[in-house]
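Participant: Chains as they are written, first to last, in the numbering used here: chain A, 1 to 329; chain B, 330 to 653.
Since the hints were derived computationally from the structure, they do not count as laboratory data. Bear in mind that the values here come from a model prediction, so they are computed numbers and not experimental data. Glycine included, C-beta positions come from ideal geometry on N, C-alpha and C. Worth double-checking, as some hints may not be accurate.
[Said to hold, decoys possible] Covered stretches of chain B, going by a simulated chain A footprint (3 or more residues, C-beta under 8 Å):
(1) 345–354
(2) 419–427
(3) 586–598
(4) 627–639
[Claimed, not checked] DEER-style ranges, computed between Cβ atoms:
(5) Tyr97/A with Glu360/B: 24 to 30 Å
(6) Lys435/B with Leu55/A: 55 to 61 Å
(7) Lys525/B with His268/A: 36 to 42 Å
(8) Leu229/A with Arg518/B: 32 to 38 Å
(9) Leu24/A with Ser474/B: 46 to 52 Å
(10) Lys249/A with Arg532/B: 49 to 55 Å
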Amino acid sequence: MSFRLPNKLVTTIVGSYPYFPEALKAFQLRKRRVRGSEYEELVKTAIRKTVEDYLSAGVDIVSDGEQRREDMAVFFAEELKGFEISEPVRIFDNVYYRKPVIVDDIEWTHEIVVEDWRYASSISRGRPVKVTLTGPYTMYSWSFDKHYGNMRNAILDLARALAREVEALVNAGAKYVQVDEPALSTRVEKEDVKLAGEALEIMVGKLSNVKRIMHVCYGKIERLFPEVLDYPIDQLDLETKNSEYRLLKLLREYSFDKELALGVVDVHSSRIETIEEIVDGIRKGLEIIPPDRLYVKPDCGLKRLKRETALAKLRNMVKAAEKAREELA
Amino acid sequence: MEINAGICGNFPRPPELRKALDELSSGKIDEKELNRVFKLSMRKIVELQEENGLNPVTSGLLLWHDPLRPFAESFSGVQLGGLLRFFDNNFYYRRPIITGPIKREKPITVEEVGELSQIAKTQVKAVLPGPYTFLKLSENKFYQSEDQLIDDLIEALAAEIEDLNGLADIIQVDEPSLVDPELSLEERRKGVEVVKELIGKLRVPSDRLIVATYFNLDPDSYSILLDLKTGLHLDLCSSRDKAEEALREYGFKGSILSLGIVDSRSIFPETPAEMAGKTRKILEKTSAEKVMISTSSWLDYLPFNEAVEKLRILGRTLREVASS
Ligand SMILES: [Zn+2]
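Same shape as in the complex, but just chain B (with noise of 0.2 Å):
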């Protein structure tokens, strides 16, 4: 079994970027200037996932409003509405409104994805919104039929994979709704089911892809997502008696799996001796090819200097697993 650290999803901005980002919309500077400063940024949060021994690492995602929002600006079809609470944190998305046929026109984070591969010493990971998470945060006023809508989201969606598949190393799928308990587990099957549609459009191997799932993790979701026959990234930390149960009581099978254990949402301290005990408590449960040690989701959660702390933690957890 090969074990790696890695974050989920994005970082948090750094204060230049956020600073640039405002001055590029009062006029201040020009999109020129605020993509030097891009640059040095995405460049700073490789370094700093590199200097904590992670592996592989992301571009931070340092542009992205949203989870949806580079995908909801670039695709024809999709307009953007009012702000909306993603999913139960204290944090909003415009909400994606579907006026007519979606589609791919051009690259949406092939470029940036590419970039990172240069920069980047180790491994990179891409990460994109999935299909029945963009669906359930979306407002469909366009298609009559909704299987039609998400043919053509996957297609879309498919497209863009297809185009990184050969600069990341990792692919990663986003997909909370699958997990959503707000959702019945009907509408959970549901999606996993859409999910499916979408892998086998892929010529992604089963090791190179991660379909993410996070803010909630309970027996009956896992279940149903074991059913995906891919890797995946579970959230430890959202649901936690609960996520240990789901692991107990389904194991893990499978090329690849994404451990949530360092929690995104919060900044209690942890210790790299108790996140590595809870590592070598789930992985007594299960076979994997790979494993890797991660953050509950995304760390849009958190202010830049704990996001930096939360580095620092993965990699010592590593370290400490490794080493036992």
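Excised from the complex, chain A in its bound form (with noise of 0.2 Å):
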């Protein structure tokens, strides 16, 4: 059961793995409000073979594969109080989705994702389970609001309740900590990543002995910039293969002191990046970053693809860490 972290070129993955039939199961359950034990075992079954998937490419810091989870904004809308479901809102064509209204305040009243945690920490033989939340700032933008009217009070009260649960975390054990905030590279104005910084504060600010993870993806992360430098943040983790590593020049220029998380497979093909090839962009990040404050994984998480095609990209991603770590010794 020992597990050590090689102390360079650490490999991990942003969070979501392609659904199991198990986990689509519950969705159908969960959906008909059905929550008993068959439902529990559907999810553990599910975790269970991503946790394995994990394993066998190889991975260091492994998650729950956010099985439990349909909807990275809806599911957590689910379990906060303060939140309704709406009715079906276009997203293309004839494609709709159910989007979160919040219509009271926003409080945390129970455990939602520890148990989960718990469950792949004690199947990941050693290795770290990072666990990962939606964040403030991606939970109201992708909510209808119905009560507050004010962007800023929504957004510190859903900080405050997602600390509780962070908090609960914490106590469990995790010492992986990730906030997703893909809706920070959208549009946002400066006070938006201010307002974002200050929820994070919240949420994360005060934890020690934690790693503290940022997770934003596709579009204008460039906008972040200086802000999140000051984030409490120790790690960020980014999109860069798709955006062609771009980012890594604005980090230069900043001089950037964190921990970088590198997105060295592209998520949004189904094209097997070559070992070789992933090496080059793990070569590429280690120009601007040494290499125990960097991480290499995805771009982001990997739901949207067939399972063999994520396992075959963690499979060479895990090879690529080896040789590139072979080279620096």
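Mind assembling these two chains? They're in different frames, but the hints should get you there.
Facilitator: Encoded structure:
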């Protein structure tokens, strides 16, 4: 059971993994508000299969694959107090989704993902399990607000509620806490960037002995600079492969001194990157960030890929990290 | 001054139409059955608008998969590409890919607007994408010269508008790119020139023509929009302070002004009194012959039930403004 993280180029994932059939079945039960032992068993099986895939690929820091979460915003909205779910809203063509609606003060009332973290940790053969939480800025951006009418108040309340979940996770032993803020890469203004930082301060600002990570992806990540440098996080987790590593130049300009989780495989493409191609990406990262602060991982969650594709990408990623480590030795 | 109320663009599909479209693609029903459900849905949407005292009404554009789609599908020289985010919304459109000379081979929305004018008891508004937004949201893989592309696009759209002219009381050309903060002011200025070129080709009088902008309004964009010298639709919700500043600074002189005061991307409760207050404040600074109280943009960003609520707010705001 003893496992040691490599001292350089640690491999990890962003969070989600392709849904196993058990997860899809669990979503159906959840829709019918059935959440008994059958539901829990299905979720557990899906988490176990996810962790097994990570282990077989050789990923160092793993996750529960977010197998319980059909949608990253709706899931937390269903678990926090103060939300309802809307009637369908169009996303494209004739495809619709339901959006969280804030109808009351947002509050945390019970543990949300602690059990999944605990279970994944129990089967990860000593490998750390990173927990991912949808961030307050993204939760608000992807919801309708019928209650606050004030973005700042709502986001800070969301942060307070999610801070309770973080507290429960840390008490359970979680050492890697990641806040996902994909909405921060859309059309944010400077005040949004500051507000998201304040929210992070509430959620993870006071933690010690815990790796605090923020993930952002796709879009105008440049706009988060320089404020993001002062965010209370230890690690910034970025999508970089899909955008051809253009963000690295920016990190160099700002003498970025946090840890960087570098996206080296594209989750929007089913093509399996070659080991050499991934090593090449890692080398680009190493030009800016020393190897002990550079983490290697896919651009974003893997859930939209076929499982075989996701697994093949992870295998090559792990081999590439090994190769890059040898080069450094 | 004549005051009316009406929605800016489309209306969300009612559940039965969503279902019918799914059933069509899975082969459970045929085109004929879809058309039957579509016609009933359109009638329902028109009645909903009329019941709330709106005038003009739109058809709801219920079969449009996105604001460019009927045109991207119908023009020759254009193919459909992948999904892209529509401005800053969590809504995606298929990018038109230009692979040959753009040509309008046949009428596109004329039948739908004709049908609308038959069932509506009020005036009707036809809506179509403008050339600059179409250009900006497309990928050009064919034209060497952008000017040639623009000319062809203008010609294709002008032909459609010409056919709509006799059927619709108001014709609205949607140009959100003219106020897109992601574009430089230089690009937005160029956009205004493109739209002016289109207007120059039309025989629609200026009191029946609206150029609609949404998702942003700032003083710089607004000052160049006024150059169009035509009716305008303005989004007064997406960048509120800046929009009010723009109107304060430049006012409005023209024939028709559509005020996007009811927020089409939020469901935070709005009261008619508050909406009417805002309208009055803006009217102090404008002198339009016709004013329309409207939603800030299309209603695609809301669920059906909330969009119905917006119709009620529009109607009640109109009555509130009219009674004072
Ligand atoms: Zn991501």
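Participant: Compare the structure with each hint and give your call.
Facilitator: Each hint, compared with the structure:
Only residues whose C-beta sits within less than 8 Å of a C-beta in chain A count toward coverage, and the segment 345–354 of chain B has 4 of them, enough to reach three; the restraint holds. Residues of the segment 419–427 of chain B lying with their CB closer than 8 Å to a CB of chain A number 5, which satisfies the three-residue condition for coverage. Check result for the segment 586–598 of chain B against chain A: holds, 4 residues qualifying (beta carbon to beta carbon below 8 Å, three or more required). A stretch counts as covered by a chain when three or more of its residues have a beta carbon under 8 Å from one of that chain; for the segment 627–639 of chain B and chain A the count is 7, and the coverage holds.
For Tyr97/A paired with Glu360/B, a C-beta distance near 27 Å keeps the hint of 24 to 30 Å intact. At roughly 59 Å, the beta carbons of Lys435/B and Leu55/A sit within the given window of 55 to 61 Å. The hinted range of 36 to 42 Å is satisfied by Lys525/B and His268/A, whose Cβ atoms lie roughly 39 Å apart. Under the hint 32 to 38 Å, the C-beta atoms of Leu229/A and Arg518/B, about 36 Å apart, fit the expected range.
Restraint check, Leu24/A to Ser474/B: a C-beta distance of roughly 51 Å satisfies the suggested window 46 to 52 Å. Checking the proposed 49 to 55 Å range against Lys249/A and Arg532/B shows it holds: the Cβ atoms sit about 53 Å from each other.
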